[in-house]
Amino acid sequence: MDIRSPLPGVFYRRPAPELDPFVGVGSPVGPDTTVAIVEVMKQFFEVKAGTTGTIAGVAVADAEMVDAGQVLFTVRPG
Amino acid sequence: MVRRSFGGDDHIFVEFDEEMNLAATFRAMAVTATLAERRIDGVIDICPANVSYQVRFDPDLVAPQELEAELESIEDGVGDGTGFDLRTTIVEVPILYDDPWTRETASRFRSNRQDPEATDLEYAARINGFDAAGDFAAAHAGSPWIASMVGFVAGLPFLFQMVPRERQLEVPKYLSPRTDTPRQTIGHGGCFGSIYSVRGAGGYQMLGITPAPIYDPTQTHPDFADSLVFFKPGFIVKYLPIDREAYDELTAQVEARRFRFRQAPVTFSLGRFLADPDGYNRGLMEVLDGG
Amino acid sequence: MAVSVLNPGLSTTVQDAGRPGYYNVGIPPSGSLDQYSSLAANLLVGNGEDAAVLECTYMGPELRFERPATVAVTGADLPPRLGGEPRPTWESFGVEAGDVLSFDFLRSGARAYLAVSGGFDVPVMLGSRSTYALGALGGVEGRALAAGDELPVGDADGAAPGRSVPEALRSTHPKHREIRVMMGLYDHRLTGEGRRAFLDAEWRLTTLADRTGFRYRGAALEFRERVAPFGAGSDPSNIVDAPYPIGSIQIPGGVEPIVLHRDAVSGGGYVMVATVISADMDDVAQSAPNSTTRFVEVDLDGALGARRRRAARLDALREAVG
Chain W
1 MDIRSPLPGV
11 FYRRPAPELD
21 PFVGVGSPVG
31 PDTTVAIVEV
41 MKQFFEVKAG
51 TTGTIAGVAV
61 ADAEMVDAGQ
71 VLFTVRPG
Chain B
1 MVRRSFGGDD
11 HIFVEFDEEM
21 NLAATFRAMA
31 VTATLAERRI
41 DGVIDICPAN
51 VSYQVRFDPD
61 LVAPQELEAE
71 LESIEDGVGD
81 GTGFDLRTTI
91 VEVPILYDDP
101 WTRETASRFR
111 SNRQDPEATD
121 LEYAARINGF
131 DAAGDFAAAH
141 AGSPWIASMV
151 GFVAGLPFLF
161 QMVPRERQLE
171 VPKYLSPRTD
181 TPRQTIGHGG
191 CFGSIYSVRG
201 AGGYQMLGIT
211 PAPIYDPTQT
221 HPDFADSLVF
231 FKPGFIVKYL
241 PIDREAYDEL
251 TAQVEARRFR
261 FRQAPVTFSL
271 GRFLADPDGY
281 NRGLMEVLDG
291 G
Chain L
1 MAVSVLNPGL
11 STTVQDAGRP
21 GYYNVGIPPS
31 GSLDQYSSLA
41 ANLLVGNGED
51 AAVLECTYMG
61 PELRFERPAT
71 VAVTGADLPP
81 RLGGEPRPTW
91 ESFGVEAGDV
101 LSFDFLRSGA
111 RAYLAVSGGF
121 DVPVMLGSRS
131 TYALGALGGV
141 EGRALAAGDE
151 LPVGDADGAA
161 PGRSVPEALR
171 STHPKHREIR
181 VMMGLYDHRL
191 TGEGRRAFLD
201 AEWRLTTLAD
211 RTGFRYRGAA
221 LEFRERVAPF
231 GAGSDPSNIV
241 DAPYPIGSIQ
251 IPGGVEPIVL
261 HRDAVSGGGY
271 VMVATVISAD
281 MDDVAQSAPN
291 STTRFVEVDL
301 DGALGARRRR
311 AARLDALREA
321 VG
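Chains as they are written, first to last, in the numbering used here: chain W, 1 to 78; chain B, 1 to 291; chain L, 1 to 322.
These are calculated hints, taken from the structure and not from any lab test. Even glycine gets a Cβ: it sits at the ideal position worked out from N, Cα and C. Watch out, some of these pointers could steer you wrong.
[To be verified] Computed beta-carbon distance windows for the label pairs:
| # | chain 1 | residue 1 | chain 2 | residue 2 | range |
| --- | --- | --- | --- | --- | --- |
| 1 | B | D243 | L | V124 | 39 to 45 Å |
| 2 | L | R204 | B | D243 | 50 to 56 Å |
| 3 | L | A312 | B | R110 | 52 to 58 Å |
[As the list claims (entries may be wrong)] With a straight-line Cα cutoff of 20 Å, these simulated EDC-like cross-link-like pairs (lysine to aspartate or glutamate) come out:
| # | chain 1 | residue 1 | chain 2 | residue 2 |
| --- | --- | --- | --- | --- |
| 4 | W | K48 | L | D104 |
| 5 | W | K42 | B | D180 |
| 6 | W | K42 | L | E193 |
[Unchecked claim] Pulled from the structure, derived: some chain B residues nowhere near chain L, Cβ distances all over 10 Å:
| # | residue |
| --- | --- |
| 7 | S5 |
| 8 | E15 |
| 9 | A23 |
| 10 | T34 |
| 11 | G77 |
| 12 | A118 |
| 13 | G151 |
| 14 | A154 |
| 15 | D243 |
| 16 | L250 |
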């Protein structure tokens, strides 16, 4: 299971630079869990997990640019 | 000295001078006014600017080289601009210097500014060699300004004060632009003044604010019945310093849709201005007082 | 009211063929950034070429139709769903009263165009329905759509669903583009090295890519030393404020070139070194952040030739769909 970016932009793992990441490997997620922020045109869009399971991998480094549809996290179902 | 360049296949750009001067401004106004009168098929936008102008055109309707030749012949006819009489409008713009709103905005952008401890007006006064902010304001309001260009955003005039070079007020822009500027802020950056027509980003130092709208997309204010933009290139501005009480009174008039600018038609001759700037300016301001 | 906005998407605006003629007072032409796709959408639903469409940026809106209509989605590959069921792009389809139109994630490109038979009938301002948000002009109250907006739709001529743009006439959206430019304006301010770097660099589009301008990153460009002329700023990339052509490329500070598009600021104090030719402005519009671009120099004849080929392609589109 993958969580993909809904839009192109800059991928942020944290709500603010001094705060902890939304999720990391091992974090449980549900459909409405916010897992990241993608910024484009100075607008910040919260990415939801959209599935239930455990984060198995983080595919993109913090503050890197991503394409729409690019895999951000892999999720182990359950 | 005239430099022409195509901006893609649908713009032509002409620069008269690299440095700001009124003769170049007038050449741009004279050439663009003449071009507009010729009503050439395919010409879409004619934009005079400070020392240059630009024409946006449809190359399917007018060949780029033909348009360039046409412009060249108009430029030759206009010459150095001193013989061109500009029929325009002089308008009185009330200004509250050192107002609370631009002060508050400036305080939010301390790290963007050269002197965070001073107000923008105090900083402008100091680097222009004035002892007090009031002296700078007196020089700012003491001689008229010409809208040498309208643009950046809808209806925003670039204003150049009509005084000899040694009396030009010059203030550097902010170190980095603000993300916010109150609507109707009166700003100054480099040798240019401006009036911010809409709220938004900006880099000019903020000297004061006017209660009068200069852009009205709703066209509900009396001065905007025919156009949602008040300023046209070539308009002449005389600032009227006002106090807070007058500001509040004028604001009430604006809100009641009763405010009207004091304005009068005027013909501006660059040649006569250059011969005696202060005398000519006094004559200009009297037109307004007579009207 | 014929269409209700349930979710506006990221930035969705009403646009049409544009608002020419007011650039001299700072009001830019506006209109759909990708005019080719916008025209295709109108033709698919039987609209006139000046009908207003929705320009959906990076993300689609969610809309409920309050009466039957024919709709079409073109431009970026932003797959539509009607009541959850997939619908094609570049092809018209019917909707019934109560149907909800939504979109999957963007697959390629940047801006999708949604036309509805009859056109979005917001008030005409200065000859156009286009939204110019910076000036709070046109569209819905001069702004991008918001949840709860009700969009009026004009009377349709009764176009039937099922019209389709032939494959060869559909736009494609590669991750790397070559955008043709004419050098000029203030390119003499660049050093020879700066000019070469501008044309050689692979420019990556940043997230600052909106209707006003597209900002790229990829190389630092060198300007010639000079004494600052009176009225120009002190930075070598400053000029006495001048008009900005639509499509012109300015380089504030010598880094991060910006291509101005149809909501351009009409002038300012930064050197411009080139202008995107008119035929390639649609391609700029479909560039997404993180995609790459190389600027390729052509001369005026090359630009006019490209313009003629684009006009022929527009005619082919009218022939095939209209």
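Against the structure, the hints:
no.: 1; hint: B:D243 to L:V124: 39 to 45 Å; result: 43 Å, holds
no.: 2; hint: L:R204 to B:D243: 50 to 56 Å; result: 53 Å, holds
no.: 3; hint: L:A312 to B:R110: 52 to 58 Å; result: 57 Å, holds
no.: 4; hint: W:K48 to L:D104; result: 15 Å, holds
no.: 5; hint: W:K42 to B:D180; result: 14 Å, holds
no.: 6; hint: W:K42 to L:E193; result: 33 Å, violated
no.: 7; hint: S5; result: 4 Å, violated
no.: 8; hint: E15; result: 7 Å, violated
no.: 9; hint: A23; result: 13 Å, holds
no.: 10; hint: T34; result: 15 Å, holds
no.: 11; hint: G77; result: 21 Å, holds
no.: 12; hint: A118; result: 20 Å, holds
no.: 13; hint: G151; result: 4 Å, violated
no.: 14; hint: A154; result: 4 Å, violated
no.: 15; hint: D243; result: 30 Å, holds
no.: 16; hint: L250; result: 22 Å, holds
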